[in-house]
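Participant: Sequence:
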Amino acid sequence: MDRRQRLTIIACGLLLAFLVSRPVPAAEERGAFPSPALIERLQNSPSTGRARIAIIIDDLGNTWGNGVRAILLPGAVAYSILPFTQFSTRLADLAHSREKEVLLHMPMEPEGHQPESPGTLRRDMTREQFALTLNAGLTAVPHVIGINNHMGSLLTQQPQAMTWLMEELKRDGRLFFVDSRTSPSSVADRFARLHGLAHLPRNVFLDHDRNAESIEQRFDELIARAKRRGFALGIGHPHAETLAILERRLTDIDALGVELVPLSQAVHPTQNKMAAAGGSDGEDPISNSDVPIFARGQPSPQPAP
Numbered sequence: 192m193d194r195r196q197r198l199t200i201i202a203c204g205l206l207l208a209f210l211v212s213r214p215v216p217a218a219e220e221r222g223a224f225p226s227p228a229l230i231e232r233l234q235n236s237p238s239t240g241r242a243r244i245a246i247i248i249d250d251l252g253n254t255w256g257n258g259v260r261a262i263l264l265p266g267a268v269a270y271s272i273l274p275f276t277q278f279s280t281r282l283a284d285l286a287h288s289r290e291k292e293v294l295l296h297m298p299m300e301p302e303g304h305q306p307e308s309p310g311t312l313r314r315d316m317t318r319e320q321f322a323l324t325l326n327a328g329l330t331a332v333p334h335v336i337g338i339n340n341h342m343g344s345l346l347t348q349q350p351q352a353m354t355w356l357m358e359e360l361k362r363d364g365r366l367f368f369v370d371s372r373t374s375p376s377s378v379a380d381r382f383a384r385l386h387g388l389a390h391l392p393r394n395v396f397l398d399h400d401r402n403a404e405s406i407e408q409r410f411d412e413l414i415a416r417a418k419r420r421g422f423a424l425g426i427g428h429p430h431a432e433t434l435a436i437l438e439r440r441l442t443d444i445d446a447l448g449v450e451l452v453p454l455s456q457a458v459h460p461t462q463n464k465m466a467a468a469g470g471s472d473g474e475d476p477i478s479n480s481d482v483p484i485f486a487r488g489q490p491s492p493q494p495a496p
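My numbering puts the sequence shown at residues 192 to 496.
There may be inaccurate statements among the hints.
[Claimed, not checked] Just the calculated beta-carbon pair ranges, DEER-fashion:
1. 438 to 240: 21 to 29 Å
2. 385 to 323: 20 to 28 Å
3. 453 to 281: 18 to 26 Å
4. 435 to 280: 22 to 30 Å
5. 445 to 419: 17 to 25 Å
6. 401 to 289: 22 to 30 Å
Read the hints as simulated data drawn from the structure, not as lab findings. We put the beta carbon where it would ideally sit given N, CA and C, even for glycine.
Throw the hints in and build the complete structure from the sequences for me.
Facilitator: Next comes the structure, spelled out in structure tokens:
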């Protein structure tokens, strides 16, 4: 063995010793983090713990009696209140006093020629008009921790409007967004995710059909989805039929094998596991949920004096 070969062997040995003695680099240093596709599969896998549901009662503010009845429902039900309505402040105060979560049910432009609520966000607004209208709604309802859309089947399809909405909510720094999904073409949830805003899509409408049997079936579907996916979000309205069923079924929710959790626990700025488990895939078919709740062939209950 000549001198050059001996030096080569020594150099190789020193290099090997150096490599063995080095600490193993962290995952982020060696580019070994799971791929986005893997992360999504892990998020969408069913929860190994107890299945969870959240429930929002929409459209509060126009009537007193059923609004109070809704707020007295057992458990961590959330309440979405229309701005500029007769009982909006009183109902928000009552819900807050009972440690229930309050959302702003923000009116947004629907498709067709349906009547709009006061303070509706529209696609023909300027950026300044849009922001002023949104902030007026937020000011009109106290104790708000998030918003969801009232109607909005047209506006939630508009990338520019949803960009403005998420930027304003993100700027506020304390609010999350729930996409009521009144249109199958809604881009709201996607734009919330793009802006890093806490968000969640609706999974089941409980009472599009106000028939008691149908509401029972939709509630069962909410429970079944939560057990399949780990979490599901249901939205209902202060109809007497809906409230009667929820009063009975939420009283014994533990027997159903699910947990009713506060809405805020199901929301995370980067789409946490519960939000992903709820997912927007396989949603309810969207129908005429833009129609105001007391314009579906049912008389509006009269407010208490």
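Participant: For every hint, state whether the structure bears it out.
Facilitator: Hints and how they fare:
1. 438 to 240: 21 to 29 Å: Check passed, 27 Å falls within 21 to 29 Å.
2. 385 to 323: 20 to 28 Å: With a Cβ separation near 24 Å, residue 385 and residue 323 satisfy 20 to 28 Å, so the hint holds.
3. 453 to 281: 18 to 26 Å: Check passed, 22 Å falls within 18 to 26 Å.
4. 435 to 280: 22 to 30 Å: holds, 27 Å
5. 445 to 419: 17 to 25 Å: holds, 19 Å
6. 401 to 289: 22 to 30 Å: For residue 289 against residue 401, whose Cβ atoms are near 26 Å apart, the range 22 to 30 Å holds.
Taken one by one, the earlier hints all hold for this structure without exception.
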